[in-house]
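> Line by line, the protein sequences give chains B and W. Sequential numbering of the first sequence, starting at 3, is according to our numbering. Sequential numbering of the second sequence, starting at 28, is according to our numbering.
No lab work stands behind these hints: they were computed from the structure. The structure displayed is predicted, hence computed values, not measured ones. The beta carbon of each residue, even a glycine, is placed where N, CA and C say it ideally should be. Treat the hints loosely; a few may be bogus.
Unchecked claim - Using C-beta positions, here's what the derived DEER-type ranges look like:
1. W:E225 / B:Q104: 13 to 23 Å
2. W:Q398 / B:K6: 21 to 31 Å
3. W:R489 / B:G40: 30 to 40 Å
4. W:E445 / B:F123: 46 to 56 Å
5. B:F123 / W:E350: 40 to 50 Å
6. B:E119 / W:G416: 50 to 60 Å
7. B:K36 / W:E327: 53 to 63 Å
8. B:Q104 / W:E444: 54 to 64 Å
9. B:A117 / W:Q398: 54 to 64 Å
10. W:E327 / B:L50: 53 to 63 Å
11. W:A546 / B:G40: 55 to 65 Å
12. W:G480 / B:D27: 45 to 55 Å
13. W:P401 / B:D15: 11 to 21 Å
14. B:G40 / W:A99: 48 to 58 Å
Unchecked claim - List of simulated lysine-lysine pairs, BS3-like, C-alpha gap at most 25 Å:
15. W:K397 / B:K6
16. W:K361 / B:K6
17. B:K36 / B:K70
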Amino acid sequence: MRVKLSAMRVRNDLVRRIEELSGQDLLACYQCGKCSAGCPAAFAMDLLPSQVIRLVQLGLVEEVLNAKTPWFCAACQTCYARCPKGVDLSRIMEAIREIALQERGDYLVIEEIPAEELAEFPQLAFIGGFRKYTA
Amino acid sequence: MRKIGIFVCHCGLNIAGTIDVQRVVEEIKKYPGVAFAADYKYMCSDPGQALIRQAIADYGLDGIVVAACSPAMHEVTFRKAARAAGVNPYLTEIANIREQISWVHQTQPEEATRKAIETIATIVEKVRYDEALVPFSLPVVKRALVIGGGIAGMTTALHIADAGYPVVLVEREAQLGGKMRQLSGLYLNFDAAPDLLETKIAAVMQHPNIQVLTNAEVVELGGYVGNFTVKISSRFQVPGYKLQVPGSEIAQSGINPQPETLQPETLQPETPQPETFTFDIGAIVVATGFDLLPKSELGEYGGGRPPDVIDGLQFERMLAEGEIRRPSDGAVPKEVVWVQCAGSRDPELHMPYCSKICCMYVAKQAMAYKQRVPDGQAYVFYIDIRSQGKGYEEFVQRAMTEYDVLYLRGKVARVFEEDGRVVVYGVDTLSGKAVEVQADLVVLATAVVPSAGARDLAQRLRVSTDEYGFFSEAHPKLRPVESLTAGIFLAGAAQFPKDIPETVAQASGAAAKVLGLFAQREMVQEPTIAFVDEELCAGCGLCVAACPYEARVMHPWKPIAVVQTALCQGCGACVVACPNKASSLRNLSTEQLLTMMEPVL
Ligand SMILES: Cc1cc2nc3c(=O)[nH]c(=O)nc-3n(C[C@H](O)[C@H](O)[C@H](O)COP(=O)(O)OP(=O)(O)OC[C@H]3O[C@@H](n4cnc5c(N)ncnc54)[C@H](O)[C@@H]3O)c2cc1C
Ligand code: SF4
Ligand code: SF4
Ligand code: SF4
Chain B
3 MRVKLSAMRV RNDLVRRIEE LSGQDLLACY QCGKCSAGCP AAFAMDLLPS QVIRLVQLGL
63 VEEVLNAKTP WFCAACQTCY ARCPKGVDLS RIMEAIREIA LQERGDYLVI EEIPAEELAE
123 FPQLAFIGGF RKYTA
Chain W
28 MRKIGIFVCH CGLNIAGTID VQRVVEEIKK YPGVAFAADY KYMCSDPGQA LIRQAIADYG
88 LDGIVVAACS PAMHEVTFRK AARAAGVNPY LTEIANIREQ ISWVHQTQPE EATRKAIETI
148 ATIVEKVRYD EALVPFSLPV VKRALVIGGG IAGMTTALHI ADAGYPVVLV EREAQLGGKM
208 RQLSGLYLNF DAAPDLLETK IAAVMQHPNI QVLTNAEVVE LGGYVGNFTV KISSRFQVPG
268 YKLQVPGSEI AQSGINPQPE TLQPETLQPE TPQPETFTFD IGAIVVATGF DLLPKSELGE
328 YGGGRPPDVI DGLQFERMLA EGEIRRPSDG AVPKEVVWVQ CAGSRDPELH MPYCSKICCM
388 YVAKQAMAYK QRVPDGQAYV FYIDIRSQGK GYEEFVQRAM TEYDVLYLRG KVARVFEEDG
448 RVVVYGVDTL SGKAVEVQAD LVVLATAVVP SAGARDLAQR LRVSTDEYGF FSEAHPKLRP
508 VESLTAGIFL AGAAQFPKDI PETVAQASGA AAKVLGLFAQ REMVQEPTIA FVDEELCAGC
568 GLCVAACPYE ARVMHPWKPI AVVQTALCQG CGACVVACPN KASSLRNLST EQLLTMMEPV
628 L
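In isolation and in its complexed conformation, chain B is listed as follows (with noise of 0.2 Å):
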């Protein structure tokens, strides 16, 4: 399928919404790679987080909500850390993921997770907390 890009298309309100959110420019990417080639979570995701940041620029923002990728990220950091351009993408994934509870409500329903299995969940709010602080 040919996807039709227009301005309408990549400046969309989702786009415009992901770059509030994160407070980063996405045309400052230029697909180097790097933060995929360091991504500690990215042997599990299904788009690389480059690949994240490449669709948005696109204006596809739809296949990235679709995407397990944001809900792999572990928040780590590690991208920002590296990135040659300082976008800061651990933020550009908090804001998809933001945007992903808010168009779709909360499809985690927590009371019906059981507590041992809750027990191992990944440390992601705990680490966003923390960046409240660190910002």
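Chain B is already provided as a structure; the job is to place chain W with the ligands on it using the hints.
Below, chain W with the ligands without anything else, positioned relative to chain B:
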């Protein structure tokens, strides 16, 4: 009888590993006329050369044979050493026993040794009959010709003129300036090309040492370095013309007309006749610039038919005009696509090389577009972005971050018109998506090609071009501003695509080369060339036709052929052609050749 000394070099093991050098010395000592023979590890080293000088002094040698590597390596070295000890350099010869013997007969030491002895003997015979020669000195005409009045030609001309030498600057268009006349703002800081150009043109026009011939072309070149004769045909002269601001000729007639379509005759009706001028010239700089590959060559991109598919220079003229309006209906384009490498880096269909300037000017144009149409969307399709220069990479990144230009990695496959828009089929290999843009305007960064007529000019000047018609440099690394023809230098995009900073740098280099030539009082030329025995010459002229360097002409009034010393390369074609044995080469006479044959027969 000449006293000849033989010096056999081991070249480490290069020679001595195969050839029995001691035996060579012993054998050759017995050869008639050989007064001294010795071998040494490295003859070209200081002690080796000292050995030669000492032997000359001790034995009163007046002919030297060095048996060593190719004369291309060290002939000059050994001739200098011999001259220091008082032997005429042309009485020192090399017997090549390395490239032609030890290296090629490594498995046959016995035969190699015998061949070495015989080879040295032939050179002994040559030296026996060599004449002591003195190099020629030729006067240098200290006037330069610069062909092409773009930024390259003007820069070179100004440098040479500033150094005090007269310059003839020939431009085939009605005006100086070249492609820069069509440009708007230049990267990196968008300085206006017309402003920079106007200053340069004024400096050239007002310079007392520069004679500008516009609407003129070089029609004939004779002579040689330091002494060229050049015929220039000028269709008409435009005294004190005014620089036209780029775009001004577009104003009335849309985007399409190229400046070449100006009717020169209507500009200067009073002098319509072509005039021919002849100049004596010492050095020539070729600065004929470039053209863009015509859009019609690019069938997959519309073949030049869709009006809203334009090339980089057309977009420059729009920018210079101030307003971006697409040619078809004058609307302000809101979605603009740049197609990089259009016809470049395409060994199958078009030009295999990278045109070098387009990545940078596309970034500039996309930024300039966004400055004028802030709500527009700019897309750039590229395969690689080449931004090699001070501040260039940062500039391209600004296009992305500050101007939101969307770069898409992939070569465009098709551009066609549909419903009043131009559809671009491309790909973004980074996301793995085939993409399509419905554009209002498409700008093709078409390949840079040599300027029209470059090959013809090259032929007239007897300089070589590469397979595309760009003028060839003498050495890609070490002699980038010289052609292979002595006295003819290269500047700017005529040699290969270059942007303005690079063009100016090369133009300055070419000027330095010309000034280096002019700084010599006279030029020195090898005397080992052909000569004519006037008594024997019947004036048949066969040699004139045989000479590949046009060094042979008939005497203006006597019925004999004469050699133009500076042109003769000593190839000997005339010697073979002459039925009367009137033609000979200095220090390679027919008699010498025959005696040289004897030791090997
Ligand atoms: C769209 C575009 C945008 C560009 N933007 C920039 C930019 O922003 N910054 C930058 O640095 N560079 C830019 N460039 C590159 C710039 O145009 C060249 O670097 C520069 O023009 C090269 O100068 P030149 O003198 O070698 O050749 P030219 O400018 O081509 O000049 C050659 C001259 O020689 C004349 N000529 C040709 N043949 C003959 C002949 N046989 N006899 C007599 N005269 C002859 C021609 O008429 C012409 O006047 C751009 C190029 C393009 C195509
Ligand atoms: S490291 Fe930075 S610039 Fe490179 S691809 Fe990742 S986000 Fe983009
Ligand atoms: S923050 Fe997310 S995307 Fe970046 S390196 Fe860590 S896990 Fe990977
Ligand atoms: S300079 Fe850039 S656009 Fe031009 S041919 Fe080279 S890579 Fe392609």
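> None of the hints should be skipped; say for each whether it holds.
Hint check results:
no. : hint                        : verdict
1   : W:E225 / B:Q104: 13 to 23 Å : 59 Å, violated
2   : W:Q398 / B:K6: 21 to 31 Å   : 27 Å, holds
3   : W:R489 / B:G40: 30 to 40 Å  : 59 Å, violated
4   : W:E445 / B:F123: 46 to 56 Å : 52 Å, holds
5   : B:F123 / W:E350: 40 to 50 Å : 59 Å, violated
6   : B:E119 / W:G416: 50 to 60 Å : 58 Å, holds
7   : B:K36 / W:E327: 53 to 63 Å  : 35 Å, violated
8   : B:Q104 / W:E444: 54 to 64 Å : 42 Å, violated
9   : B:A117 / W:Q398: 54 to 64 Å : 60 Å, holds
10  : W:E327 / B:L50: 53 to 63 Å  : 32 Å, violated
11  : W:A546 / B:G40: 55 to 65 Å  : 59 Å, holds
12  : W:G480 / B:D27: 45 to 55 Å  : 48 Å, holds
13  : W:P401 / B:D15: 11 to 21 Å  : 19 Å, holds
14  : B:G40 / W:A99: 48 to 58 Å   : 54 Å, holds
15  : W:K397 / B:K6               : 21 Å, holds
16  : W:K361 / B:K6               : 15 Å, holds
17  : B:K36 / B:K70               : 20 Å, holds
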